[in-house]
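Engineer: Here is what each chain is made of, one letter per residue.
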Amino acid sequence: MRIGIVERTFALYLVLLALAPLVIKGYWLHVMILGNIYAILAMTLDLLVGYTGLMSFAHGGFFGLAAYSSAILSKTFEMNPWVSLVAATMITICIGGAFGLSFSGVRGHYFAICSIGLNQIIWLIMLNWYELTRGMLGFYGVPPYPGLPYTKEAYFYLSFAVFVLAFLVLRKLTNSPLGLKLRAVRDDEGAAQSVGINSVRCKTTAFVIGCAFTGVAGSIYAHFHLLVAPETCHISVSSVVLAMVLIGGKGTLIGPALMAYFLEFITEYFRIFSAYLRLFATGILIIFIIKFMPEGVLGFIRERYLRPRKMFGTAESRGVPVRKG
Amino acid sequence: MAINWLSLGSIYCLLAVGLSLLFGVMEIPNFAHGGVFTLAAYIVLSALAFSGSYSASIVSGIVLIGAIGVLLLKTVFSRLELVPMTDIMMLTFGLGMAIQGLEFMLWKADYQTLPSLVEGSIDFYGSICSNQRMIAIAAPIAAMTSLDLFLKRTNLGKAVQATQQDREAAKVLGINTELIYVITMAVSFGLVGLAAVLLCPIILLYPPQADFITLKTFAIIIFGGMGSIKGALISSYLVAFIETIVAGYISFQYKEMIAFVLLFAVVAIRPQGLLGRD
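Chains as they are written, first to last, in the working numbering: chain A, 1 to 325; chain B, 1 to 278.
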């Protein structure tokens with residue numbers, strides 16, 4: 001693995017982030033914890049969208065599912081929150097893996113719709129199964145992790161550690177033979193199958209790994225907030241995370257992670273003006289990004305400034321319009 | 001209950017056929033469909049508050065939403081042939097987000113409804129049903145019939161069908177596909193506008209309603225087969241029928257799930273949909 005300038009900059013950013021709690025306290029530290037959690041979600045979704053080509057809208061659903069299962073297991077069933085973290089991750093992996101397995105033959109917008117359907121089903125169950133989830137009122141009274149002081153600093157470092165771990169694992173993975181297989185499946189599924197790549201297994205693996213970190217993130221969210229509401233697994237969470245991936249640059253890992261922090265901060269900062277301005281601005285931003293830099297901000301920077309000029313490229317890199325997909 | 005079913009089915013029909021046309025002719029999987037729906041309803045609402053005449057505001061709302069469609073076609077969806085399908089999908093997705101944000105800012109998040117087109121109700125073999133629902137059954141059928149006649153009997157309609165079957169071949173034969181796109185867009189958005197006018201007196205109108213509408217419409221047209229208008233017709237009534245039954249006898253809360261359960265079943269068993277081609 002070659003370590004390029006983008007990755008060096010990112011490493012510097014991580015170091016700054018690790019030192020941030022020394023300076024930043026209170027509300028903005030809270031926002032940074034959410035930033036960590038969103039960054040985990042954005043990176044795992046990037047594994048699905050950017051590397052495997054699965055347009056999954058179900059990420060918010062998986063996140064909320066993990067949060068709810070961790071909360072319910074530790075409060076209603078009185079399990080140790082650390083055990084319920086593992087259990088919630090297992091549940092999320094099972095649901096995500098089963099979904100990936102059964103819908104791996106479905107392509108393009110069909111897959112997108114099916115994943116929206118899954119998200120909607122999870123949300124409706126959480127909203128309406130009052131006996132278990134308390135529905136609209138939200139599930140409150142979740143115990144925090146034992147052994148860990150319930151301070152913002154502690155939870156910041158916990159989520160930060162998971163975030164760094166997720167980044168390292170995903171980076172290793174996407175540069176491994178498996179990562180190449182995933183990309184082959186993304187670019188041309190038929191061709192990948194004809195050289196002996198099991199595309200169903202690839203897609204399911206991507207889902208399992210993605211859902212594993214999503215599950216951990218969901219559990220941390222539940223035990224940090226001590227309250228889980230149905231909005232956690234609403235489709236709007238999925239849209240926001242997908243927006244982070246698309247704007248940051250799909251297939252780069254770093255782009256979505258940075259965009260997660262950026263969007264989270266911007267959102268919190270502009271909340272004083274209007275909570276809804278964000279929805280409008282994000283939508284417009286997505287349209288502009290897709291129209292003018294389809295590879296996302298980081299992909300655009302890489303393509304424009306960091307790649308050595310080649311004499312002969314593909315038709316696309318020479319700017320010849322090619323009809324895809 | 002039968003009236004409920006028929007009116008719901010007819011309105012789903014308008015939505016599904018609008019989406020199906022867009023996808024069939026231009027290959028736009030429009031994730032902003034529900035956004036367009038709510039936007040149309042809000043435009044009618046504002047026009048009503050402005051002018052006071054309901055019929056005038058309905059007509060202006062439908063015309064305006066068609067014009068917005070054409071405007072979007074010329075700006076957001078320009079050079080459509082060169083953009084990969086997943087990017088088009090993301091474009092419509094961003095558009096839906098933007099529309100919803102705009103609605104939140106302009107019309108607030110309150111629940112609203114449009115007034116009924118007509119007051120009163122009639123006694124229909126012992127069951128009372130409001131005239132609004134009767135119109136909701138009749139108007140879509142009239143719209144569908146005229147759309148069918150347009151597509152099958154006029155030269156322009158045949159050109160639309162030709163573009164739907166093979167874009168390149170249609171171009172070779174001298175069909176102005178740009179014009180066809182404009183017409184399809186206007187017709188499709190107009191149908192959605194009509195659906196909004198008919199449905200919003202029955203259901204609540206608030207910006208996130210868009211998500212439900214988009215999802216259900218997609219479920220319906222995938223169920224019926226992407227791009228197949230006949231399939232969309234049949235599956236609209238089928239989904240509405242099952243929804244009504246479930247809401248009536250089993251559970252009102254879970255009726256929204258029905259479309260997706262059907263969708264999963266059909267994708268697993270017959271991915272091209274009930275009447276879809278490959």
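Don't read these hints as lab results, they were simulated from the structure. Honestly, I wouldn't trust all of these hints.
[To be verified] Sample of chain A residues at the chain B side, in silico, Cβ under 10 Å:
1) ILE116
2) ILE289
3) PRO294
Computed from a prediction, not measured in an experiment: that's the story for all the values here. Even glycine gets a Cβ: it sits at the ideal position worked out from N, Cα and C.
Engineer: Next, verify each hint and record whether it holds.
Structural biologist: Each hint tested on the structure:
1. Of the supplied interface hints, the one on ILE116(A) holds, with its beta-carbon coming within about 6 Å of a beta-carbon of chain B, less than 10 Å.
2. About 8 Å separates the beta-carbon of ILE289(A) from the nearest beta-carbon of chain B, less than 10 Å, and the hint is met.
3. Among the interface hints, the one on PRO294(A) holds; its C-beta lies about 6 Å from the nearest C-beta in chain B, closer than the 10 Å criterion.
The structure is consistent with each of the numbered hints, conforming to all of them.
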